[in-house]
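*Asks:* The primary structure of each chain is shown beneath.
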Amino acid sequence: MVEQAPAWAAVVLLAVLLALSLTGAWADAVLVSGRRQLAAPFQEGARLLVQQRRATPGSDGLLSRVGGASLLVVASLMVAVVPWGGWTLLDSGVGVVWFNAMELVLWGALWCAGWGANGAFALVAGHRWTAQVLSSQLPLMFSLICPALAAGSLRVADIEAAQDGLWFVAIMPVAFATMLGGVLAFAVWGPFSSPVGRDLQGGVLSESSGVDRLVVGVGRYALLAAGAAVAVPLFLGGGSGPVLPPLVWSVLKTVAVLVALVATRRRFALLRPERFAELAFVVVIPLVLLQVLVVAVHVLGRS
Amino acid sequence: MRDVLFFLLAPLAVLSGFLVFRVSSMARATFSLAVSFVCIGAVMLLLGLDYLGVMTVLMMVMEMAVMAVFMIMYMMNPAGLMPMSMYHNKAGAMTLAVGSFVVLASGALLVDWPERTGSPPGDVTLQLGEGIMGSKMLVMLTISPVLFTTIVAALVLAAARGRYDRLGDDLDQPADDPVPGGVGR
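Taken in sequence, the protein lines are chains A and B. The working numbering applies: residue 1 is where the first sequence begins, and numbers increase by one. The working numbering applies: residue 304 is where the second sequence begins, and numbers increase by one.
Be careful, since some hints might not be right.
Derived list of chain A stretches under chain B, where covered just means 3 residues or more per stretch with a C-beta under 8 Å from a C-beta of chain B [said to hold, decoys possible]:
1. 39 to 46
2. 106 to 116
3. 267 to 280
If we take Cβ atoms under 8 Å as the criterion, some of the chain A residues that face chain B in the derived model are [what the hints assert, rightly or not]:
4. Thr-23
5. Ser-76
6. Leu-77
7. Leu-90
8. Gly-93
9. Asp-158
10. Ser-240
11. Ile-285
Bear in mind the hints are in silico, worked out from the structure with no lab data behind them. Quick caveat: nothing in here was measured; it's all calculated off a predicted structure. Beta carbons: idealized from backbone N, C-alpha and C, even for Gly.
Work the whole structure out from these sequences, hints included.
*Replies:* As structure tokens, then:
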């Protein structure tokens with residue numbers, strides 16, 4: 001079973017999250033952008049650090065900066081409930097609900113970032129974000145029910161332990177795919193990136209510059225990493241695997257999921273929020289509900 | 304440690320709740336209310352009510368995000384960027400809010416609470432689930448269809464274009480939508 005990690009492990013966990021974010025940025029540089037340079041993320045970071053920070057007149061700096069910085073905070077709080085090789089920072093009995101609540105904080109955060117900028121494009125993008133997140137995150141919530149139902153617990157460590165022998169992805173592939181879609185959506189990545197889209201001059205980020213933009217950029221990679229880190233114990237058996245110790249397996253699987261998530265950028269068409277709304281409510285939510293039914297029948301048949 | 308956290312979170316909850324009356328921007332008012340609710344959720348976590356605490360944060364932040372959009376949608380200036388207060392009858396609202404806070408807080412402090420006799424159950428979340436889903440299942444089964452019907456009815460009343468507008472009186476015309484949906488119906 002997992003043990004509660006000491007408080008100083010929070011620093012280690014934050015470092016791990018930042019390292020995973022950097023891995024995501026490298027994967028993006030290599031797989032997507034075609035800039036096959038490992039220095040590319042550092043160059044971009046240095047450019048943003050020395051860039052003059054600009055602001056529109058009458059902008060709400062407090063809201064937009066708090067909103068932008070929330071991404072990294074939320075990602076850190078998400079990985080806190082993940083078990084890493086027998087240790088977890090926050091051994092919460094309601095870890096799955098905790099992950100869901102943290103993800104919901106982003107609803108407000110990115111809207112604030114768009115609203116606070118006091119620019120037309122950013123404001124429109126903020127509303128676009130709220131519309132899109134409503135369609136993308138309701139399926140995510142239903143997909144989180146599946147592993148909790150199968151394991152009979154909301155504790156992430158219990159769910160990881162319940163997959164002894166059979167990973168949950170085998171009995172709930174739809175839930176797994178929906179969760180990964182939800183992760184892409186809350187990181188505003190790939191097919192779900194229209195709130196930061198080019199048609200709105202960068203959308204929520206259109207007025208964001210300098211270190212503010214760097215914080216949001218790191219936060220998006222951190223969210224992808226955190227989503228991958230949570231998906232591993234929920235669906236991919238967590239630390240289970242042959243030969244190597246559980247911690248190594250957890251990290252390896254997280255990196256694999258993270259790279260797969262990052263690689264969706266420019267490989268899938270952009271989903272327009274107004275079209276995606278119908279797709280989500282007419283196709284995806286019924287599919288996930290069917291998946292919940294399948295899992296429930298499976299649980300009943302087992303007992 | 305728990306005491307320190309409580310004495311940080313509780314005043315912050317009250318202060319950010321009060322700030323709703325003081326700030327001049329709708330977005331700030333909305334999200335200071337959200338901060339207040341997040342603090343209350345954290346205090347519930349301190350009480351050991353894990354599920355209810357996390358649920359409070361979850362519901363309230365989602366609610367505030369949706370509320371912010373609707374409030375700004377119905378405002379006089381469309382972008383909502385001009386300073387504007389979000390309440391009417393400031394004096395009355397303030398008197399009611401502060402008055403009820405004082406009454407409730409003094410009640411909580413002055414009442415001679417009895418000594419605890421039982422002990423909390425091992426798994427509070429499980430207990431809560433059994434409380435709601437066990438003996439109260441009939442209530443839940445009654446409330447959910449009523450709520451769902453209300454939502455559907457409100458949507459039908461509010462929708463500008465129903466299926467008869469889209470598909471004609473006999474529902475046999477090709478759909479004529481200003482914005483095509485994603486499924487191609």
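*Asks:* State for each hint whether it applies.
*Replies:* Checked hints:
Given a C-beta distance limit of less than 8 Å, the hint that chain B covers the region 39 to 46 of chain A is violated, as 0 residues qualify and 3 are needed. With 6 residues having a beta carbon nearer than 8 Å to a beta carbon of chain B, the region 106 to 116 of chain A meets the requirement of three or more and the stated coverage holds. For the region 267 to 280 of chain A, the assignment as covered by chain B holds, since 8 residues bring a beta-carbon within under 8 Å of that chain's beta-carbons and 3 suffice. The closest approach between the C-beta of Thr-23 (chain A) and any C-beta of chain B is roughly 29 Å, which is over the 8 Å cut-off, so the hint fails.
The beta carbon of Ser-76 (chain A) comes no nearer than 16 Å to any beta carbon in chain B, farther than 8 Å, and the hint placing it at the interface is violated. With a least beta-carbon distance of about 11 Å to chain B, the hint placing Leu-77 (chain A) at the interface is violated under the 8 Å criterion. The interface hint given for Leu-90 (chain A) is violated, since its Cβ lies 11 Å from the closest Cβ of chain B, which is over the 8 Å cut-off. The restraint placing Gly-93 (chain A) at the interface with chain B holds, with a minimum CB-CB distance near 5 Å, inside the 8 Å limit.
The beta carbon of Asp-158 (chain A) comes no nearer than 12 Å to any beta carbon in chain B, farther than 8 Å, and the hint placing it at the interface is violated. Interface hint status for Ser-240 (chain A): violated, as the beta-carbon distance to the closest one in chain B is roughly 25 Å, over 8 Å. The closest approach between the C-beta of Ile-285 (chain A) and any C-beta of chain B is roughly 12 Å, which is over the 8 Å cut-off, so the hint fails.
Hint compliance for this structure: hints 1, 4, 5, 6, 7, 9, 10, 11 are not met, and every other hint is.
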